[in-house]
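Colleague: Chains A and B, in that order, are what the protein sequence lines are.
Count along the first sequence from 1, then add 761; that gives the number in the working numbering.
Count along the second sequence from 1, then add 507; that gives the number in the working numbering.
Where hints are given, some of them may not hold.
As the list claims (entries may be wrong) - Straight-line C-alpha distance at most 27 Å; calculated DSS-like pairs for lysine-lysine:
no., chain 1, residue 1, chain 2, residue 2
1, B, Lys525, A, Lys772
2, B, Lys618, A, Lys914
3, A, Lys772, B, Lys663
4, A, Lys822, B, Lys521
5, A, Lys898, B, Lys600
6, A, Lys914, B, Lys686
7, A, Lys980, B, Lys568
8, B, Lys523, A, Lys772
9, A, Lys822, B, Lys525
10, A, Lys772, B, Lys521
11, A, Lys853, B, Lys527
As the list claims (entries may be wrong) - Among chain B residues calculated to face chain A with C-beta under 7 Å, some are:
no., residue
12, Asp528
13, Ser535
14, Ala548
15, Val549
16, Ile574
17, Val593
18, Met608
19, Lys663
FYI, nobody ran anything at the bench for these hints, they're computed from the structure.
Keep in mind that this is a model prediction, so the values were computed, not measured.
Cβ atoms here follow ideal geometry from the backbone N, Cα and C, with glycine treated the same way.
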Amino acid sequence: MIEKKGEFNYKLFWNTRKELVLAILFFVISAMILFIGIISQIAPIRADLDQLKSHQAELDKFAEKSAQLQQLAADPNSNQFSAIDEVLPSHKPLLEILSNLNAVANNSEVIIKNFSLNPGEIATDTTKVKKSSSDQKYDYLDLDFSVSGALWKIQNFINLIEQVTPISTITNISISRNIDEDKNAQAQADLVLRTFYFTQPIKTTITSPLPVIAASERKIISSINELSPNNLEKQENVISGDRGNLFGIQNKTVEELEQELIQATESANTATESVQTEQ
Amino acid sequence: MININFLTNRVNQKGKQKEKDVKIFRISTYVLISLIVLMVAVFAFKLWNNLQISNTDKKIKEYKASILGQETTEIGYLIFVNKIKVISEIYKKRSNKQEAMNYFADVFGDKAEIAGMSYQEDQGGLILQIDSSNVFDLQDVNNTLDSQALRQEYEKLEKSVLTRTDTGNYKLTLKLELKTND
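One chain only, chain A, in its complex shape (with noise of 0.2 Å):
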């Protein structure tokens, strides 16, 4: 007798069809590691690739500015870091273009006379007037001077001056020689000394690059040896006149003072309390 056909045998089904049902089973798992575990994952490790891209390739920059220092800091070289200050230093170098102004007319045997020099004020008309470069790199004092003496004494002093540090040119000469009088007369010049200053603002973070010396800058480093230092010694310390213990406190140290104080104090406090307790 045929059974009628009702509900689904699941039962039987599993029992008859287990490979099938597993099989089933395992495609769905498959689909669900494609999707969740596989495809949803492509995008984050394109994203951490491009992330570990970029920080190799700041690695490599830091990696070689390390480098680069470390190379600076080794090389016999460095010192003309701060040598470069004598020849462009970075104040007005007011003492130095007088000290360099009297050597170099010893050495050449003229005689300056009608010197002018306006270091220039805090915002005032004339440091305006006086500014030089639109980029403000470097300003400069001009010294407005007379030389007197021969011809080739006065060629001797342009040239010298134009070779000791700080770096200086001249920037206007004006020459008279009376000879129609007189065939060996003196010279007579009118010259402006401009000497120069660096007033550029140096700035840079850890990630910028260490700049590169261009071939052409490198000749100017070996022009630059050739300059003759100038002679003028740096004062560090404040040098005082000697006018004697005026208060009667020199070589005490603040400890010694104190004392001082306080048992001065405390006797003037006793002898008040003994004149108000006679009275």
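Using the hints provided, position chain B relative to the given structure of chain A.
Modeller: Okay, now just chain B, sitting in the frame of chain A:
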């Protein structure tokens, strides 16, 4: 009534179905295992990436500390380079005035003396006043000025003013354009 026994057919059918199911099961197992292995590989790669990133960040921190420790050297070098650039600019603007002065002081010999000289850097030209004691010396001076050798040295040379003084001297004014070190 004829009885037909379908059992053999059914058994055969069932057998073939089972074989098919086993085959599908085998395939699904392979697929699942492959995908599990692939997933493990993906996560392992991700972990390795994160480790690499972490190592790189650590090295970056070390290098940063090293660079900060050498700040003084870096600043000294930056100042040095910038000052060299400025000095290079200053040198380029300088003209060869001393060379010209020395040249013209000697080129005429005893035929002429330099009576005056004027120079302004912003204009770039040198003005010389030459004094000759007589017309013959002046002629020699003129020949020297027109000579090829001098013109090769100073192409842009102009004779501007010639005067005669009461004492019979001739004063010739020369204007010459100086080259810069550009």
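Colleague: Just pull the numbers of the violated hints for me, sorted ascending.
Modeller: Hints 3, 4, 7, 9, 11, 14 and 19 are the ones this structure does not satisfy, whereas the remaining hints hold.
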